[in-house]
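Engineer: From first to last, the protein sequence lines stand for chains A and B.
Per this note's numbering, the very first residue in the first sequence carries number 1; after that it's consecutive.
Per this note's numbering, the very first residue in the second sequence carries number 1; after that it's consecutive.
Simulated from the structure, these hints should not be mistaken for lab results.
Backbone N, C-alpha and C fix where the C-beta goes; we use that ideal spot for every residue, glycine too.
Please note that a few of the clues may not be correct.
[Said to hold, decoys possible] Coverage of chain A stretches by chain B, computed from C-beta distances (three or more under 8 Å per stretch; other residues unrestricted):
hint, stretch
1, 13-23
2, 200-212
3, 299-309
Listed here are the chains, written in short residue letters.
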Amino acid sequence: MTLRLASIVRKEFIQILRDPRTLIMTLIIPIMQLFLLGYAATTDIKNIPIAVWDQSRSPQSRALLDAFRSANYFTIAYEVGSQQDIQTLIEDGRVRAALIIPPDYSLRLAEGDAQVSVILDGSDATSGSTALSASQLIGQSYSTKIMTETASRLGRGSGITPPIQFLTQVWYNPDLASAYFMIPGVIGMILYVITTMLTATTIVRERERGTIEQLIVTPIRSWELVVGKVLPYVVLGFFDTFEVLILGHWWFGVPVRGSLALVLESSGLLLLSSLGIGLFASTIANTQQEAMLVVWMTLLPSIFLSGFFFPLEAMPPFLQAVAYMIPLRYYLIIIRSLLIKGVGLAAIQTEFMTLAVFGLVIMGAAAVRFRKRLD
Amino acid sequence: MSDINLIEAKNLYRYFGETHAVDGVSISVKAGEIYGLVGSDGAGKTTTMRLLVGALLADSGDATICGYDVKKHTEDARAQLGYLSQRFSLYEDLTVLENIRFFAEVRGLKPNEWYPRSMEILEFVGLANFASRRAGQLSGGMKQKLGLASALVTRPRVLLLDEPTTGVDPVTRQDFWQLLIQITSAPLNPSPLPAGEGQRGEGEVAVLISTPYMDEAARCNRVGFMRHGKIIAEGTPSQLRSRLTDRVIELRGSPLKLLRQVAHRDSDVEDVRAFGDRLHLRVREGKADLVASRLPSAIRSEGGEVDDLRIIPAVLEDVFIELSEQAYE
Numbered sequence: 001m002t003l004r005l006a007s008i009v010r011k012e013f014i015q016i017l018r019d020p021r022t023l024i025m026t027l028i029i030p031i032m033q034l035f036l037l038g039y040a041a042t043t044d045i046k047n048i049p050i051a052v053w054d055q056s057r058s059p060q061s062r063a064l065l066d067a068f069r070s071a072n073y074f075t076i077a078y079e080v081g082s083q084q085d086i087q088t089l090i091e092d093g094r095v096r097a098a099l100i101i102p103p104d105y106s107l108r109l110a111e112g113d114a115q116v117s118v119i120l121d122g123s124d125a126t127s128g129s130t131a132l133s134a135s136q137l138i139g140q141s142y143s144t145k146i147m148t149e150t151a152s153r154l155g156r157g158s159g160i161t162p163p164i165q166f167l168t169q170v171w172y173n174p175d176l177a178s179a180y181f182m183i184p185g186v187i188g189m190i191l192y193v194i195t196t197m198l199t200a201t202t203i204v205r206e207r208e209r210g211t212i213e214q215l216i217v218t219p220i221r222s223w224e225l226v227v228g229k230v231l232p233y234v235v236l237g238f239f240d241t242f243e244v245l246i247l248g249h250w251w252f253g254v255p256v257r258g259s260l261a262l263v264l265e266s267s268g269l270l271l272l273s274s275l276g277i278g279l280f281a282s283t284i285a286n287t288q289q290e291a292m293l294v295v296w297m298t299l300l301p302s303i304f305l306s307g308f309f310f311p312l313e314a315m316p317p318f319l320q321a322v323a324y325m326i327p328l329r330y331y332l333i334i335i336r337s338l339l340i341k342g343v344g345l346a347a348i349q350t351e352f353m354t355l356a357v358f359g360l361v362i363m364g365a366a367a368v369r370f371r372k373r374l375d
Numbered sequence: 001m002s003d004i005n006l007i008e009a010k011n012l013y014r015y016f017g018e019t020h021a022v023d024g025v026s027i028s029v030k031a032g033e034i035y036g037l038v039g040s041d042g043a044g045k046t047t048t049m050r051l052l053v054g055a056l057l058a059d060s061g062d063a064t065i066c067g068y069d070v071k072k073h074t075e076d077a078r079a080q081l082g083y084l085s086q087r088f089s090l091y092e093d094l095t096v097l098e099n100i101r102f103f104a105e106v107r108g109l110k111p112n113e114w115y116p117r118s119m120e121i122l123e124f125v126g127l128a129n130f131a132s133r134r135a136g137q138l139s140g141g142m143k144q145k146l147g148l149a150s151a152l153v154t155r156p157r158v159l160l161l162d163e164p165t166t167g168v169d170p171v172t173r174q175d176f177w178q179l180l181i182q183i184t185s186a187p188l189n190p191s192p193l194p195a196g197e198g199q200r201g202e203g204e205v206a207v208l209i210s211t212p213y214m215d216e217a218a219r220c221n222r223v224g225f226m227r228h229g230k231i232i233a234e235g236t237p238s239q240l241r242s243r244l245t246d247r248v249i250e251l252r253g254s255p256l257k258l259l260r261q262v263a264h265r266d267s268d269v270e271d272v273r274a275f276g277d278r279l280h281l282r283v284r285e286g287k288a289d290l291v292a293s294r295l296p297s298a299i300r301s302e303g304g305e306v307d308d309l310r311i312i313p314a315v316l317e318d319v320f321i322e323l324s325e326q327a328y329e
């Protein structure tokens with residue numbers, strides 16, 4: 001490390017330590033984001049409030065309701081007496097679904113063709129579809145149970161079983177907890193967003209305050225300025241990685257099954273890209289606001305197309321193609337595989353190499369564009 | 001003064017779209033010389049400075065600092081110069097000493113050199129007691145001194161100062177100029193800037209300073225007057241003043257308003273300006289005696305009084321006003 005480089009790094013660290021905004025951004029915001037996304041961005045839907053209109057009021061109908069209760073998916077929030085009540089409750093958003101048991105339920109159940117109806121609020125597609133599949137599942141398993149019971153009562157023994165049984169096994173994340181999916185994503189997103197924003201503003205700030213003019217006139221080489229500016233944020237980036245990783249593990253119980261060294265190496269590769277993008281933004285922008293604008297224009301699509309919130313497989317082919325251009329996408333695949341599946345380098349080497357290439361190209365382009373000049 | 005041109009610009013051109021910010025400027029400044037660049041805002045002084053330090057690229061023309069081509073050997077050239085830009089451009093969130101240290105180190109002072117050298121230079125500019133204060137909390141004049149100190153910390157042979165005293169109080173301006181004069185006369189004893197052990201910085205310093213103040217221009221060894229991107233006049237202050245030898249009349253009397261009106265009516269008077277309680281009249285070449293003889297009677301005939309009227313040597317301000325008007329034509 002040259003003496004000049006060391007001076008820039010030290011100067012940058014002093015400035016970071018004296019700037020409350022940067023400190024908050026690097027120390028506090030990641031924790032806030034982690035908790036926010038760890039809890040709020042969960043797709044695990046439980047205890048959906050439901051209204052019940054039980055017109056049968058029979059032991060059989062109560063048994064059905066017990067089946068709903070015990071499944072944990074629904075909470076019976078209201079017992080109502082009319083279709084009108086149900087509509088009001090759903091419109092007010094007090095319940096997401098309603099279960100209507102007709103008056104002749106027990107009678108027709110004995111005949112073997114009972115019907116119950118479930119009304120779902122489809123305006124929220126996520127909870128709607130969860131409620132749909134949950135109610136179907138409960139209904140099916142309950143009717144299978146009744147069939148078996150009836151059969152055994154009729155003396156046919158317990159020989160009646162469904163012709164096919166699907167024995168599903170969920171690997172890596174047996175509870176399908178969405179935290180397992182989200183937290184590694186949060187690590188990637190925080191690393192990406194914060195380092196990009198900080199780098200973009202750090203150089204623009206020199207321009208805004210006029211200090212760039214004095215820097216330009218020193219014999220600092222361009223690469224020294226770039227590396228010296230970026231290095232402190234690499235350190236902060238790794239600090240954030242550890243912070244989120246430790247909290248995610250300790251608080252949300254996300255496992256770290258793969259090699260920690262690989263996690264850090266791939267985080268380093270992601271940093272190449274994010275710092276490069278930040279640096280690039282700072283060569284375009286004249287003010288910190290402009291830099292933020294440029295950064296957000298690239299960050300938002302990156303986040304949505306990285307597979308952070310929505311699975312890439314569900315996107316139309318065009319967007320899937322665009323997603324190949326986004327470095328964060330590869331990192332998310334890597335970090336999820338490393339943390340949750342505990343794979344080795346062999347399983348992720350394609351993504352690893354792609355991320356490296358992206359990082360080098362972006363950083364290279366930014367460094368070439370970066371000029372020690374005013375115009 | 002030696003004969004080496006430490007600052008040398010030849011036919012510099014720099015356009016910003018349609019604006020000819022620098023339009024064929026040539027300057028040379030020798031060691032031991034203070035060259036003043038004067039002119040109104042937008043005349044091209046700052047752009048010229050920025051071309052000389054390589055912060056902007058010239059469209060054409062060459063510039064060398066201590067013999068290093070600014071375009072080809074940019075960093076070598078920069079290693080030789082100290083530059084103070086028009087805006088305060090140090091780090092407000094660093095202390096005085098941290099600022100000096102940063103600029104000392106990035107400009108090549110060794111780890112064991114920066115501290116004694118920084119303290120020495122802070123002592124020199126009078127900021128030694130403020131070493132641990134944040135630069136943002138300094139007054140305007142102290143900031144400029146800090147700027148000068150960090151420009152000087154590596155003992156550069158070339159100093160480029162872009163309006164260093166604009167907005168600074170008169171006392172600090174005086175201090176600032178005393179420092180500048182000491183720097184350029186460095187070999188005198190006792191030396192305020194003892195030369196390092198065989199390192200660069202030995203020998204006399206060349207200073208290029210831009211200023212809007214005429215009293216400062218008068219302190220320079222040579223002055224170049226810029227207008228519309230060109231240097232339209234150049235010379236020592238006395239050479240420039242001699243352009244208006246026997247062409248300025250000082251007039252005192254009352255009422256001043258009437259004096260001004262009458263003077264304006266005289267066809268041989270080119271310009272009338274008030275200097276406090278006096279008027280300076282610029283007259284056509286060779287007409288000073290004529291005007292001086294006929295003006296008092298013209299004033300008295302209209303009821304005015306003349307206390308004093310005489311032909312005086314021009315001050316630089318007269319020259320610059322004349323030059324500005326010339327450039328308009």
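Engineer: All the hints need checking, so say for each whether the structure fits it.
Structural biologist: Status of the hints after comparison with the structure:
1. 13-23: holds (count 4)
2. 200-212: holds (count 4)
3. 299-309: This one is violated; 0 residues, fewer than the three required, reach chain B with a Cβ under 8 Å.
In terms of the numbered hints stated before, the structure departs from hint 3 and from no other.
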